[in-house]
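Each chain sits in its own coordinate frame; assemble them with the hints.
Residue numbers (the working numbering), protein chains in the order written: chain E, 1 to 137; chain X, 1 to 113.
Straight-line Cα separation of at most 30 Å, BS3-like style, residue types lysine-lysine; simulated pairs:
hint: 1; chain 1: E; residue 1: K37; chain 2: E; residue 2: K75
hint: 2; chain 1: X; residue 1: K71; chain 2: X; residue 2: K18
hint: 3; chain 1: E; residue 1: K24; chain 2: E; residue 2: K37
hint: 4; chain 1: E; residue 1: K37; chain 2: X; residue 2: K74
hint: 5; chain 1: E; residue 1: K58; chain 2: E; residue 2: K27
hint: 6; chain 1: X; residue 1: K41; chain 2: E; residue 2: K37
hint: 7; chain 1: E; residue 1: K27; chain 2: E; residue 2: K37
hint: 8; chain 1: X; residue 1: K41; chain 2: X; residue 2: K71
hint: 9; chain 1: X; residue 1: K74; chain 2: X; residue 2: K41
hint: 10; chain 1: E; residue 1: K24; chain 2: E; residue 2: K58
hint: 11; chain 1: X; residue 1: K71; chain 2: X; residue 2: K99
hint: 12; chain 1: E; residue 1: K58; chain 2: E; residue 2: K126
hint: 13; chain 1: X; residue 1: K18; chain 2: E; residue 2: K27
hint: 14; chain 1: X; residue 1: K18; chain 2: E; residue 2: K37
hint: 15; chain 1: X; residue 1: K73; chain 2: E; residue 2: K37
hint: 16; chain 1: X; residue 1: K41; chain 2: E; residue 2: K27
hint: 17; chain 1: X; residue 1: K74; chain 2: X; residue 2: K110
hint: 18; chain 1: E; residue 1: K37; chain 2: X; residue 2: K110
hint: 19; chain 1: X; residue 1: K110; chain 2: X; residue 2: K71
hint: 20; chain 1: X; residue 1: K74; chain 2: E; residue 2: K24
hint: 21; chain 1: X; residue 1: K99; chain 2: X; residue 2: K73
hint: 22; chain 1: X; residue 1: K110; chain 2: E; residue 2: K113
hint: 23; chain 1: X; residue 1: K99; chain 2: X; residue 2: K74
hint: 24; chain 1: X; residue 1: K41; chain 2: E; residue 2: K113
hint: 25; chain 1: E; residue 1: K67; chain 2: X; residue 2: K41
hint: 26; chain 1: X; residue 1: K99; chain 2: X; residue 2: K41
hint: 27; chain 1: E; residue 1: K24; chain 2: X; residue 2: K18
hint: 28; chain 1: E; residue 1: K113; chain 2: E; residue 2: K126
hint: 29; chain 1: E; residue 1: K113; chain 2: E; residue 2: K27
hint: 30; chain 1: X; residue 1: K110; chain 2: X; residue 2: K41
hint: 31; chain 1: E; residue 1: K113; chain 2: E; residue 2: K58
hint: 32; chain 1: E; residue 1: K58; chain 2: X; residue 2: K41
hint: 33; chain 1: E; residue 1: K75; chain 2: E; residue 2: K126
hint: 34; chain 1: X; residue 1: K99; chain 2: X; residue 2: K18
hint: 35; chain 1: X; residue 1: K41; chain 2: E; residue 2: K24
Hint data in this document are derived by calculation from the structure and do not stem from the laboratory.
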Amino acid sequence: MHLEYTVVEGDFVNAGIASSSVKKTLKQLNVNPTVIKRVVVALYEAEVNAIAHAYGGKVLIDIDPQKICMTVADKGPGIPDIALAMQEGYSTARPEVRDMGFGAGMGLPNMQKNVDHLNVTSEVNKGTTVEMEVYFQ
Amino acid sequence: MTLQEISNAIQGNVCLGKSRLSENVEHAFASDLMSDVLTLKETPLLITGLCNPQTIRTCDMACIEYLIICKNKKPTEEMLELAEENNMVVITSEHSMFKVCGLLYAAGLKPIN
Ligand SMILES: Nc1ncnc2c1ncn2[C@@H]1O[C@H](COP(=O)(O)OP(=O)(O)O)[C@@H](O)[C@H]1O
Ligand SMILES: [Mg+2]
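Here chain X stands alone, though its shape is the one from the complex (with noise of 0.2 Å):
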């Protein structure tokens, strides 16, 4: 599905990225664990709950573009600043974790193997 597909269907508020909103993703994992993160070998779509300046460089040392941040948490000017140097997309949701991972598990967006 298309990074606009998603954000609707999470009432999302893209903070990064706002002209790559057609790209399509097709895998995501959650996690607030960040070494979890950096086990992947893949580069799916990541949702957390952890807003701070080091899930940034965990997705610039894990090779992921597409960051899904939950529960109305707001990244700092620093943040986004660092992720626009990676090249990421950046979408902020009202909704937990749960909740994002349930819209989106539902709308058709898939778990890495």
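Chain E extracted, bound-state conformation (with noise of 0.2 Å):
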């Protein structure tokens, strides 16, 4: 099953529609229910990046029966250092992302402890994508 999403640039109040829709499909096709929120946690905090960080960009679904692929995309600024992005407290974030209760630099760790694989690909002022795959065993 193959699904897509637009992350809409600057658009705060649907941050998670992704996610959301996702988790219902998970539901739907009664995945374990302590997956669903490892990959709906992972999903939803790289929804946030791609509109706290970048300008919005493409979610991409991928579901076969022994695993999710998930990535989204975006056509940002990009991650100059990723290891850096990746430590735990390290944040770039603007107040409002802040106002929305992210920014404390969490997003990328919490993703990585959530699947099975992450990959994270960024070049400077072009864009970012954030590849993760989480087993249903």
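Here you go:
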């Protein structure tokens, strides 16, 4: 099953729409609730980042019987030092992002903790792509 | 304790879920930082001062059904619609987050471990 969503630039109100929809789909597929929570927490943090740090982007989801693959791709400013960005507590978030309840530098670490595979690729001034995989086992 | 007892203890106003006040709650967690809420394995009642759509979204992703919003902040219609879709109970209180936490701790609500 393939699903696609658009994350709209600056649309803080709707951050989480893709994650919400994926949650409903996985529920219908009777995926284990603990696994669903891991998937949607990671996807939600990635969605928030695409709005908070970039100019929106695309969410691509592929679900097969064994696993879910999620790609969140943006055409934002990119991440100059990915290893630094992955560190807990590192954040360049604007005050608006803090007002939303994010911006403590925990998003990428939260993704890492919840998924089986995380791959972040980024090019400065081009954009960032976050790929994540979770097995249903 | 029941949601009714919880609401009484903080002079709460039940914005959503009035029919569910007999439900029992044992554990609570307090934070304004949604990334922190998203690290929880448990699904406690959430006490927060953050009143925006992301509060409700975070509860959805974290499977949290019970929410207390402190310091007289009022959820918007839009937030309550989203909360209703997610089957939530939403209570507001005029008290500060510190006071809400203190009152509920004293009344017997437990922290998560
Ligand atoms: N999609 C993105 N585009 C550009 N920069 C990003 C992106 N995602 C993360 N970053 C950078 O990595 C940092 C850490 O991200 P994260 O761990 O999610 O914490 P936070 O979002 O709270 O700042 C961000 O502050 C930002 O500098
Ligand atoms: Mg983030």
